[in-house]
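**Student:** Going by the numbering used here, the residue at position 304 of the sequence shown is 306; the numbering climbs one at a time, nothing skipped.
Treat the hints with caution; some may be incorrect.
[Stated by the list, open to error] Below, a list of computed lysine-lysine pairs in the DSSO-like style, where the Cα atoms sit at most 27 Å apart: (1) Lys288 / Lys145; (2) Lys288 / Lys71; (3) Lys177 / Lys71.
Honestly, the hints are just simulated from the structure, not real lab data.
In this text the structure is predicted, and so the values were computed from the model without any measurement.
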Amino acid sequence: MTNSHEPVFITPNGTLYIAGGHSANCTISVCPIELSVYGYRPSLGASGVFIALYALCMVAQAILGWRYKTWGFMSLMLLGCVDEIIGYVGRILYWQNPWAQSGFIIQIVLITIGPVFFSAAIYVLLAQIVRYISIPSSRFAPKYFYWIFIPCDIVSLVLQAAGGAISSTSDGGDKAGVDIALAGLAFQVFTLTAFVVLAIDYAFRSRAVWLTTRPPIRFVVFSGFLFAATILILIRCCYRVYELSGGYERTSQALRDQTLFIVFESVMVILASICLIPAHPGFVFKTGLEQLVPDESSPEKAVSSSVRSASPSSSAESAERLGGA
């Protein structure tokens, strides 16, 4: 006996094959691929390319993290890359057998939640940018960017993981799992949009600083790639909301379009991951204390100024100016 939502395939000799659920016994050699959840076999070449690219990104982030001692940022990036690699291994398993639960479970959960780690890495950097350019120009103290966006990211992660897990155990047939995953993705879209709005608002409010004191080129490059990574992940999340809006029904055109998936999921996320290499905080914030405009009122700056004014060269320059007068 099979559940009513599980499609079946009957061969000319009367053999019954189940094409869904834990009882699925369909194979590539017998059942038409249209009876699988996605309706296609994932591109083996594309999956291999993305695994290789994420591996390269992971190596680059490990080297940069070790070089600049950015352990938090490095950890988030490595988690995201490892997550994506395993997710695309799941796509390869799904290619081998589109009706096996293992490949479906791995790719549906891990590819869905992977960008959450990259988003968290991005959120951390806005606080550092605020400290670097001008804290008074921000609507919030830098610490609040951690307290607001990181918990939101965790909520998105939990919802997407839970929804994906529920959907995977039911071969996509459980509507509750789809709704939970959709809620997590929609919340991530909301969080990313709020982040972009706050970042643009801060850029506008701090324009007097960065227009009068030209930032170094490395900061301009860093900011450009960081903004690009944010927009790429936002586009990806909007696509995933659209993709899952029809659930895992075999009539969903969005779900069963591999080209859309590769362009708006795979390409968007790997490009974001690549962008976060030149957007690595170590290139700009080597000590975490850098400021575009040094704050002379701070104790450290006051001591530094006192030392400079008391140095022999400063005294000689003062005497020379007095002598000239």
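**Student:** Next pair to validate is Lys288 with Lys145; report whether the Cα-Cα distance is within 27 Å.
**Tutor:** Answer holds: Lys288 to Lys145 is near 19 Å, not above 27 Å.
**Student:** Are Lys177 and Lys71 close enough, with their CA atoms no more than 27 Å apart?
**Tutor:** violated (44 Å)
**Student:** With the threshold set at 27 Å, check whether the alpha-carbon distance from Lys288 to Lys71 stays at or below it.
**Tutor:** Holds - the C-alpha atoms of Lys71 and Lys288 are around 9 Å apart, at most 27 Å.
In the structure shown, a violation is registered for the earlier hint numbered 3 alone.
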